[in-house]
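Just need the whole structure built from these sequences, with the hints factored in.
There are 2 protein chains.
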Amino acid sequence: MAAYCKIRQWVFLLLIFNLLTNPCFAESPNFIIMLMDDMGWGDLGVFGEPNKETPNLDKMAAEGMLFPDFYSANPLCSPSRAALLSGRLPIRNGFYTTNAHARNSYTPQIIVGGIPDEEILLPELLQKVGYRSKIIGKWHLGHRPQFHPLKHGFDEWFGSPNCHFGPYDDKTTPNIPVYRDTEMIGRYYEEFPINKNGESNLTQIFIQEAVSFIQNQSSKGQPFFLYWAVDATHEPLYASGPFLGTSRRGLYGDAVRELDYGVGVILQKLKSLNIDKNTFAFFSSDNGAATYAKTDGGSNGPFLCGKQTTFEGGVREPSIAWWTGKIQPGQVSHQVGSLMDLYTTLVNLAGADVPKDRVIDGIDLSDVLFSNQTFDRPLFYYRGNELMAVRLGIYKAHLWTWTNSIQEYNQGIDFCPGEEIENVTTHEQVNQSSLPLLFHIGRDFGEKYIIKPNSVEYKMVMPKIIAAVENHKANLVPGIPQLNLCDDAVMNWSPPGCEKLNKCLKAPPSKPYKCPWPH
Amino acid sequence: MAAYCKIRQWVFLLLIFNLLTNPCFAESPNFIIMLMDDMGWGDLGVFGEPNKETPNLDKMAAEGMLFPDFYSANPLCSPSRAALLSGRLPIRNGFYTTNAHARNSYTPQIIVGGIPDEEILLPELLQKVGYRSKIIGKWHLGHRPQFHPLKHGFDEWFGSPNCHFGPYDDKTTPNIPVYRDTEMIGRYYEEFPINKNGESNLTQIFIQEAVSFIQNQSSKGQPFFLYWAVDATHEPLYASGPFLGTSRRGLYGDAVRELDYGVGVILQKLKSLNIDKNTFAFFSSDNGAATYAKTDGGSNGPFLCGKQTTFEGGVREPSIAWWTGKIQPGQVSHQVGSLMDLYTTLVNLAGADVPKDRVIDGIDLSDVLFSNQTFDRPLFYYRGNELMAVRLGIYKAHLWTWTNSIQEYNQGIDFCPGEEIENVTTHEQVNQSSLPLLFHIGRDFGEKYIIKPNSVEYKMVMPKIIAAVENHKANLVPGIPQLNLCDDAVMNWSPPGCEKLNKCLKAPPSKPYKCPWPH
Chain A
1 MAAYCKIRQW VFLLLIFNLL TNPCFAESPN FIIMLMDDMG WGDLGVFGEP NKETPNLDKM
61 AAEGMLFPDF YSANPLCSPS RAALLSGRLP IRNGFYTTNA HARNSYTPQI IVGGIPDEEI
121 LLPELLQKVG YRSKIIGKWH LGHRPQFHPL KHGFDEWFGS PNCHFGPYDD KTTPNIPVYR
181 DTEMIGRYYE EFPINKNGES NLTQIFIQEA VSFIQNQSSK GQPFFLYWAV DATHEPLYAS
241 GPFLGTSRRG LYGDAVRELD YGVGVILQKL KSLNIDKNTF AFFSSDNGAA TYAKTDGGSN
301 GPFLCGKQTT FEGGVREPSI AWWTGKIQPG QVSHQVGSLM DLYTTLVNLA GADVPKDRVI
361 DGIDLSDVLF SNQTFDRPLF YYRGNELMAV RLGIYKAHLW TWTNSIQEYN QGIDFCPGEE
421 IENVTTHEQV NQSSLPLLFH IGRDFGEKYI IKPNSVEYKM VMPKIIAAVE NHKANLVPGI
481 PQLNLCDDAV MNWSPPGCEK LNKCLKAPPS KPYKCPWPH
Chain B
1 MAAYCKIRQW VFLLLIFNLL TNPCFAESPN FIIMLMDDMG WGDLGVFGEP NKETPNLDKM
61 AAEGMLFPDF YSANPLCSPS RAALLSGRLP IRNGFYTTNA HARNSYTPQI IVGGIPDEEI
121 LLPELLQKVG YRSKIIGKWH LGHRPQFHPL KHGFDEWFGS PNCHFGPYDD KTTPNIPVYR
181 DTEMIGRYYE EFPINKNGES NLTQIFIQEA VSFIQNQSSK GQPFFLYWAV DATHEPLYAS
241 GPFLGTSRRG LYGDAVRELD YGVGVILQKL KSLNIDKNTF AFFSSDNGAA TYAKTDGGSN
301 GPFLCGKQTT FEGGVREPSI AWWTGKIQPG QVSHQVGSLM DLYTTLVNLA GADVPKDRVI
361 DGIDLSDVLF SNQTFDRPLF YYRGNELMAV RLGIYKAHLW TWTNSIQEYN QGIDFCPGEE
421 IENVTTHEQV NQSSLPLLFH IGRDFGEKYI IKPNSVEYKM VMPKIIAAVE NHKANLVPGI
481 PQLNLCDDAV MNWSPPGCEK LNKCLKAPPS KPYKCPWPH
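So the sequences go chain by chain: A and B.
The UniProt record's numbering puts the first sequence at residues 1 to 519.
The UniProt record's numbering puts the second sequence at residues 1 to 519.
Every clue listed holds true.
A pair holds if it fits inside one copy or across any two, identical chains being indistinguishable in the list.
With a cut-off of at most 35 Å between alpha-carbon atoms, the simulated DSBU-like pairs for lysine-lysine come out as follows:
hint, residue 1, residue 2
1, 52, 294
2, 196, 52
3, 294, 464
4, 196, 464
5, 196, 459
6, 356, 464
7, 196, 269
8, 269, 326
Hint data in this document are derived by calculation from the structure and do not stem from the laboratory.
And the structure:
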């Protein structure tokens with residue numbers, strides 16, 4: 001009996017030791033958001049890309065929960081990302097323009113604005129409850145120092161504030177800087193080359209940065225939030241040597257294959273560190289595939305049009321949730337989800353408090369993720385300052401229709417190549433709100449067949465949608481638009497740290513002007 | 001040592017016993033072809049259908065080999081099915097019309113013709129090496145008695161000779177008969193009801209017929225070929241009570257869900273009988289989804305147009321090969337395959353002889369299935385008597401373009417709803433063969449971006465395609481067209497067995513005429 005008691009004591013002590021040393025599962029799971037750039041819904045094998053180039057993502061879906069009905073908050077990069085990190089629609093957080101009606105806008109390096117200090121970003125909340133957060137890749141919430149990630153809750157940053165457009169001449173336009181934390185460490189096309197043939201090892205660097213951060217945090221036992229905002233599928237496309245030319249569909253596919261490889265490396269790292277049971281990973285994209293890039297862009301599968309539009313191809317995202325032991329494998333959820341929901345969900349999972357002094361558009365998806373429940377919620381599709389469409393249940397109503405101007409279209413810029421739905425893919429901004437165009441996007445996910453306004457179905461559904469719109473508008477206080485003003489003087493001439501590298505450039509005199517947003 | 005020797009002797013005896021009692025794997029595997037009707041490439045979850053309604057097919061793909069680049073021989077039902085069973089293009093086996101140029105034709109009940117006796121069908125060859133074959137469902141190779149399945153190698157039949165169109169009045173038009181073997185046992189909408197709301201237990205009957213046949217053959221130990229040619233996804237759509245209203249996309253989705261359930265039942269039956277290791281199952285569809293059926297049809301995913309056309313949406317089929325232990329799980333093959341390949345592959349696997357006195361278009365896919373090899377082969381897309389397009393490698397060239405006539409289109413019949421590619425989805429028959437339209441269907445699977453004829457790529461690729469076309473045409477001896485003649489007198493007025501049921505109807509006098517094939 002004495003021996004038995006001793007064993008019991010030892011087991012008890014071991015349990016205590018275990019509790020003290022192991023990461024505290026219920027209170028502080030790790031978070032990884034893997035956000036692709038311009039990748040389309042149809043680019044994953046599991047979503048029907050015919051070349052089937054994403055074995056790791058398909059595996060992630062098989063091990064987790066697939067979301068065919070998941071959306072970005074906006075069909076363009078900066079507003080989509082600002083919404084993800086603030087949990088709020090761009091119309092609230094200021095990531096829109098009033099320079100013209102219903103125009104997409106973003107943060108090129110001529111933009112003066114950025115994320116307002118008043119917005120409380122996800123990493124700020126996580127920081128308060130002991131998390132360490134890192135962004136790897138593209139920030140896109142303002143490139144001027146006051147807007148930088150480390151001013152808004154992130155603890156680490158490796159990447160760039162803007163898109164990797166270029167190369168520039170560093171005279172009329174500076175090349176985009178690459179930062180480590182608060183200081184630049186080089187520029188794209190200079191220290192961080194992207195060759196003319198699309199060769200670049202940037203994705204490999206981004207993968208290595210992720211692996212190191214995960215490793216560090218794991219060894220410290222501190223919960224982390226990793227925001228892996230890679231951009232190889234955004235023009236100019238790039239891939240590293242071993243991936244170049246490996247896809248049946250060109251450089252875009254090469255980039256997809258390398259990113260898929262990266263997802264595999266990251267998830268495998270979690271498993272090998274034995275922290276996969278304590279890490280919630282979510283994969284998605286910032287907006288639909290850039291159909292205007294023709295064969296250099298991705299696929300939106302069976303959905304209408306692409307990036308820049310509020311048709312399904314512009315905002316429906318390839319989305320997968322993954323958490324060993326917590327999310328049952330092999331599930332499909334038809335929950336209408338939004339990237340903004342990650343804000344609320346992660347804040348709650350971390351045991352932090354969702355701000356109560358403002359409207360948060362994201363909802364908590366815990367019951368979806370862990371119990372496969374679904375619930376109704378309206379989804380609002382904005383383009384700039386206009387509410388273009390609403391999804392409620394399986395229906396979608398267009399209050400406004402527009403692709404782009406006929407002038408732009410005639411110049412060859414086409415957001416809906418090969419697709420033309422009469423009265424829907426219009427080249428004028430058409431106010432449809434007196435009799436919204438209604439679609440059943442379960443049986444008509446291509447938004448091809450307008451439900452007749454005199455039908456029973458229309459009369460049954462539309463009042464509910466109108467009520468949702470009215471409720472939304474009644475409670476809407478638009479934020480101050482941040483994307484109205486441009487100025488060549490604010491470009492990345494002399495980013496912090498440039499002097500150490502002897503890479504400061506001379507800025508022209510300040511001449512602010514209203515940014516022209518063509519579509 | 002003596003004990004060791006004794007064990008060795010026993011092991012040897014057990015091996016012998018095992019060899020004598022187990023089904024003879026290498027010589028006589030069972031075959032199941034599950035052929036859907038008008039189901040599109042995009043209708044499977046694994047091919048990106050957003051409602052994700054096919055868990056059993058997705059599992060079949062995970063356990064087997066998925067073929068994203070698999071084709072029917074024709075964009076219409078009868079020619080596609082005749083090609084599958086004869087291993088030969090419709091232009092050779094006679095399943096086409098010369099009443100007009102490049103017209104689709106099939107076997108409605110006014111058709112005089114059917115499969116010629118000269119064609120050696122797959123079950124005829126299998127019969128010679130000891131197989132028992134059963135067709136369940138739609139035959140579609142001629143409804144007059146001389147064309148029936150049991151005259152062409154099948155041993156059993158449960159199903160109908162034509163589409164389940166109706167209900168008819170049995171005066172101007174008889175309802176379609178349902179056969180058991182050589183005699184009718186009732187008619188659709190009479191003994192085999194399909195209600196106005198789409199309720200019918202036909203798929204359940206077809207599942208039960210399959211299970212019983214498999215069970216019987218398994219207990220007899222005789223190798224079998226089951227041709228499961230179900231048709232719930234062909235208009236008029238139907239599903240049984242438990243499946244009605246279960247899909248997010250209406251009756252079409254209900255039918256898909258029930259067929260998917262049936263696939264699950266059949267594969268599970270093979271497993272429970274422990275003959276899955278000795279059974280090769282292949283899932284596919286006869287042509288692309290009927291996009292002209294609007295929201296009552298299926299999805300061709302990201303592919304252009306649908307049934308009736310030689311664009312990818314008309315002929316690319318959702319295809320899965322499955323054979324426990326022989327086909328490694330989780331594979332994807334980009335082999336350009338054809339339903340006609342099943343003919344050659346199955347004949348070879350059965351140890352029978354492929355006819356040597358004629359051109360067989362199907363190739364043996366064994367090395368693809370069992371070693372995941374791929375090899376180049378040209379694929380010819382016919383519409384009636386015209387070679388419309390050719391695929392070679394990752395390229396596709398259109399020699400002719402046509403959707404349907406502008407008159408038909410103006411009446412609302414649209415094979416490419418919402419899609420319009422200039423100079424491609426033409427409403428005139430355009431002879432492009434002097435400068436064929438070239439597409440790279442790896443990076444442009446929607447056939448949207450014509451490769452410029454003055455490009456290096458075009459000049460490199462086109463000569464190879466032209467050579468393949470010339471070689472094909474040089475060796476082509478068109479069969480006698482079987483689908484030219486129609487006659488109301490040949491309809492299913494008095495099918496064999498009608499007298500026993502007192503269901504014989506009076507035929508009108510014979511007045512043969514050239515069938516009008518509008519598209």
